[in-house]
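*Asks:* Spelled out from the first residue to the last, the chains are:
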Amino acid sequence: MLLEVQNLNTYYVTSHVLQNVSLNVNEGEVVALLGRNGMGKSTTLKSIMGLVKPKSGTVTFQGKNVTGLPPFRVAKAGIAYVPEERRIFPQLSVMDNLEMGIKGGKQSTKEGIWTVERIFNHFPILKERAKQQGRYLSGGEQQMLTIGRALMGNPSLLLVDEPTEGLAPLMVREVRDILENINKDTGVSILLVEHNVKVAMSLANRIYLMGKAHIGFSGSKDELEANPEVRAKYLEV
Amino acid sequence: MKKAIKWILWIILGIGLILIPKIFGIYYTNFFVSLAIMAVFSQSINIELGYTRILNFGHAMFFGMGGYGAAQALALIPGMPILGAVLCGMLGGGLLALVLSPLVVRVSGMACAMLHVAFNALFFMLAMKLRPLTGGEDGISGFPIPPFNIPGIISIDMTNPLNFYYFAVAVLGISMWLMWYFTKTPFGQIMIGIRDNPKRVNYLGFKVPESRALVYIVGGSFAGVSGSMYALFQNLFSSDATSGLNSFQPVLMTMVGGIGTFIGPIIGSAFFSVVEELARRYTERVELVMGLTLIIVILFAPMGFMGLYRDLKARWGKAPSLPKI
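Each protein sequence line maps, in turn, to chains A and B.
Mapping to the numbering used here: the first sequence position 33 is 33, numbers consecutive.
Mapping to the numbering used here: the second sequence position 113 is 113, numbers consecutive.
Incorrect hints may appear among the rest.
Stated by the list, open to error - DSSO-like mimics (lysine-lysine), calculated; alpha carbons at most 27 Å apart, straight line:
#1 A:Lys127 - B:Lys2
#2 A:Lys131 - B:Lys6
#3 A:Lys212 - A:Lys184
#4 A:Lys76 - A:Lys53
#5 B:Lys2 - A:Lys131
#6 A:Lys127 - B:Lys184
#7 B:Lys3 - A:Lys76
#8 A:Lys131 - B:Lys22
#9 A:Lys131 - B:Lys313
#10 A:Lys76 - B:Lys6
#11 A:Lys76 - A:Lys55
#12 A:Lys76 - B:Lys207
#13 A:Lys55 - B:Lys22
#14 B:Lys313 - A:Lys127
#15 A:Lys55 - B:Lys207
#16 A:Lys64 - B:Lys199
#17 B:Lys3 - A:Lys127
#18 B:Lys22 - B:Lys6
#19 A:Lys53 - B:Lys3
#20 B:Lys22 - A:Lys53
#21 B:Lys6 - B:Lys199
#22 A:Lys131 - B:Lys3
#23 A:Lys131 - B:Lys199
#24 A:Lys64 - B:Lys207
It is worth saying that the hints were derived from the structure and are not from the lab.
For reference, chain B alone in the conformation it holds in the complex (with noise of 0.2 Å):
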């Protein structure tokens, strides 16, 4: 019965993902394209810091190789098709957070966090001054967005916006999906064994820093995935896309979701997504009234929205409450 319910709610979602543009039209499409970029983005920062704690306070970083990877993958390539471009940006993600895991991997707290703040700084101010390889504060922009192309079998303007709607459902859909599944392999079980207690890892014959490691690796290759989403979104990218705010963004995204909960990022996303939207139709102070929103959220449900949800339906008798991480 449950399993059956679970089927008809994911049919719902499916018709409705296919119905967006037709009810909403094309601003809010694109409105949902950027919010699924970020629910992406902000999940992959939840694997490392709610699934494994891993404080990784620069992942605009990853984010960063990925829209450039991409970017420069379809200006400097001809005939790069548009999954080669996102292949290009995953690919990005992960080799940068592969060169950083052997020191990242080995310090944790205060000290990983630290070394990511400095990291995304240094990371920025490359960004802003190799020009000739990001465009600097320009960034990189009017670069081809090939069509989707199965040769002999279909070819999908990519510029026209309803088709990239579904292009993006697609590739961040999978990408969510992998995520998900990622956590709930046995090597989950090991994430969550080494954010509650590394050393307990250990004894048990478990490798931390290497298991660490992988899934920093995992973190960075989808954090690629959606900057590189966003670049062909935007059909631009630059240095901004790496600042520390951007590092922040997905890390406030997933702690008003419900960090450590796979749902919670996508809710905080919404969440911001939505209220950003409104604060900008109505005043200029957007920054403020985000600011003012996350000070609420943080002092009535400090474990997000999720938190939030699992306490009501203890209270009820229903669910155990989310622990505190």
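So that you can see chain A by itself, here it is in the shape it has in the complex (with noise of 0.2 Å):
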């Protein structure tokens, strides 16, 4: 297993945000973290990653406990993390928010590594705006961006938290088919949260749900989708 996440219980102040959330996460899968707004999935990629420090359990990664350390002793176990609303560095360029990338991550002596080049292969507009600061990037492209910097650090698992949030469709479709690709080419495992659940449901091979401050359901599209009253109960509104 390469992420097992064991009864994890996160606060912010007074607020129980996560309750006992229990997940895991396997080489080369693809794990879909689903849920209505507020219902603590953010959260739990950041208490993964180390951004909030978890107060009660346990995550181990490739073995190793990693449980509230630093996120740049996360970083350099191979977990790189995918922010929501495309956090990356505005006054820098493509090209130098790349090597931000590499320069943090772990330095993987293996084939096959992730180079610029390679970036460029799967990312073919950032080549044309490698010069060009981030911050005149559309939201599609700072989101490619984004992707291609956790991905120069060489991770074996990739957070991704919302890629798709408030893109143009035709854009929704380019993330993930990136982010397929990304998984069947290299064997990325992704752990993903997403609010459009036909996006998730196409990439994923095993879904959570998410109810308040824990998971509510665990299984296969295919269970999912044998289960009307799980689904109406933990992602319509």
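Both chains are given apart, each in its own frame, so use the hints to dock them into the complex.
*Replies:* This is the structure in structure tokens:
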């Protein structure tokens, strides 16, 4: 197992925002974490990444306990985080943004590591914009840059938070295809938090549904589709 | 073509610097030395404040460590070479930054600014009270200014203002180049990343406090260089140079020139020095003129002259405007 989260409890001051959350991601898998707004999906990713310190529970990555480690240590362990709202460095060029990814990440000695050229093969538009400052990119291009920057660290697991939020429909499809290609071509596992259920279902091997601060369902796509009550309870407004 | 123009401009600048004493005479040559010292001092705060957003409002401490370091090295150590004195000043500034860094890099924003104001006040008081070490208000003066000596090759008298000018241009020019190079290394990108969003830099795998500490030590070291050059230039270093007012001067120069740009502090230092020099000729109320000038600049160019330049260029569609910092 690549990532194992067990009984994670996280608080924002006195609010108990994650209650005994457990989930796992296997090698090469795409796992989607779905739910309505404010259920704790993004906090789960932040707790894994060390951006929010969990009060109890464990996060084990490749057999190593990374619970509550500072984010730079979690990144070095091989987890990359693609935050919501495409948080690039607006005043650095596209190339510099990508290079920021490689320097902080784990330097892989394996063949087939991510290089700038390889990123440009996956995201040709970034090559055209290589010298432009990040703030002049469109929303979709910024999203690609954030994913590219995360890949430059050669992670084994990508935590992707709302990658299609606020994007035009054509761009949503492109970002979805990019994530699928990355997973299929390179075997990088993905833990995906996504509002767009259709996108998530088309990508994921397994699905977790979050209710208020807890995991309410876990299973395959077929199991979820065969269970309209669960879908209605956790996803429909 | 662009590269050729750049080289031509560098050559013109070099020739201009060599000819300044011949064209303007010794008074303006000395004026240029003090301007260059302020430019390096301002640049050293710019890499902290403008590039990394470390709100250091007590930079005169490091200037002071540089000045006292160089002056005491020359006063106490017989045969101390002039470059050795500058190095002592640099080490003094860097050492103080190293001592303060564990605390300073863990706070940000207003807390960091206030902490520096407090440290600066403490440093100023110590400079006033520790007379055996600092000379208090009278300062350390009359220390020997050794010749620039390469044994067996050359020995240049540094009490000659013309020779000192060339020495100052070389030391301050190299300092400026080293700071420029520092901002252009991959670490320079991390500095800008930390300024934009330290959390983002953290989850990309970088140690933010350690990176901030490195910038802080580099900034402190170059403030030390400017302090030591100031001491050598004046042959005097007193507690006045470590006051809070002297901490705000480079901040203002950087703001007026264009914070976060490399050329900004140089323009700001030149602008302030020239305005001060002109004001001094016609009025005794120099501070009033400086204050009014500052208000006008901030009103019409809130991002400094470089911001104004970029805005005008952007209006003509040639360059993006300077981001708000």
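*Asks:* Taking the hints in turn, state whether each one holds.
*Replies:* Hint check results:
1. In summary, the hint linking Lys127 (chain A) to Lys2 (chain B) is supported, as the alpha carbons are separated by about 23 Å, within the 27 Å threshold.
2. Taken as a hint, the Lys131 (chain A) and Lys6 (chain B) pair is honoured in the structure, with Cα atoms around 20 Å apart against an allowance of 27 Å.
3. Among the hinted pairs, Lys212 (chain A) with Lys184 (chain A) is inconsistent with the structure: their alpha-carbon atoms are about 32 Å apart, more than 27 Å.
4. Proximity of Lys76 (chain A) to Lys53 (chain A) is assessed by CA-CA distance (about 17 Å); at most 27 Å being required, the pair is judged to hold.
5. At most 27 Å may separate the alpha-carbon atoms for a hinted pair to count; Lys2 (chain B) and Lys131 (chain A) meet this at roughly 17 Å.
6. With a CA separation close to 22 Å, the supplied pair Lys127 (chain A) and Lys184 (chain B) stays within the 27 Å bound.
7. Note on Lys3 (chain B) and Lys76 (chain A): the hinted pairing is violated, with a Cα-Cα distance of about 40 Å set against a maximum of 27 Å.
8. Distance check on the hinted pair: Lys131 (chain A) and Lys22 (chain B) sit about 44 Å apart at the alpha-carbon level, beyond 27 Å; violated.
9. With a C-alpha separation of about 19 Å, the suggested pair Lys131 (chain A) and Lys313 (chain B) falls inside the 27 Å cut-off, and the hint holds.
10. Simply put, Lys76 (chain A) and Lys6 (chain B) have alpha-carbon atoms about 41 Å apart, too far for the 27 Å limit, and the pair is violated.
11. Distance hint between Lys76 (chain A) and Lys55 (chain A) is fulfilled; the C-alpha atoms sit about 22 Å from each other, no more than 27 Å.
12. Of the supplied pair hints, the one linking Lys76 (chain A) and Lys207 (chain B) holds, its CA atoms being roughly 11 Å apart against a limit of 27 Å.
13. Between the alpha carbons of Lys55 (chain A) and Lys22 (chain B) the distance comes to roughly 71 Å, so the proposed pair goes past 27 Å and is violated.
14. The hinted pair formed by Lys313 (chain B) and Lys127 (chain A) meets the criterion: a straight-line CA distance of about 26 Å does not exceed 27 Å.
15. Of the supplied pair hints, the one linking Lys55 (chain A) and Lys207 (chain B) holds, its CA atoms being roughly 23 Å apart against a limit of 27 Å.
16. A distance of roughly 23 Å separates the Cα atoms of Lys64 (chain A) and Lys199 (chain B); the hinted pair therefore holds under the 27 Å criterion.
17. Proximity of Lys3 (chain B) to Lys127 (chain A) is assessed by CA-CA distance (about 24 Å); at most 27 Å being required, the pair is judged to hold.
18. Distance check on the hinted pair: Lys22 (chain B) and Lys6 (chain B) sit about 25 Å apart at the alpha-carbon level, within 27 Å; holds.
19. Of the pairs offered as hints, the one joining Lys53 (chain A) and Lys3 (chain B) is violated, with about 51 Å between alpha carbons and a cut-off of 27 Å exceeded.
20. Between Lys22 (chain B) and Lys53 (chain A) the CA atoms are separated by roughly 65 Å; this puts the pair beyond 27 Å, and the hint is violated.
21. Using a Cα cut-off of 27 Å, the hinted pair Lys6 (chain B) and Lys199 (chain B) is violated, with the two alpha carbons roughly 38 Å apart.
22. For the hint linking Lys131 (chain A) to Lys3 (chain B), the alpha-carbon distance of about 18 Å falls within 27 Å, and the restraint holds.
23. Our distance criterion of 27 Å between C-alpha atoms is met by Lys131 (chain A) and Lys199 (chain B), whose separation comes to about 24 Å.
24. Between the alpha carbons of Lys64 (chain A) and Lys207 (chain B) the distance comes to roughly 20 Å, so the proposed pair stays at or under 27 Å and holds.
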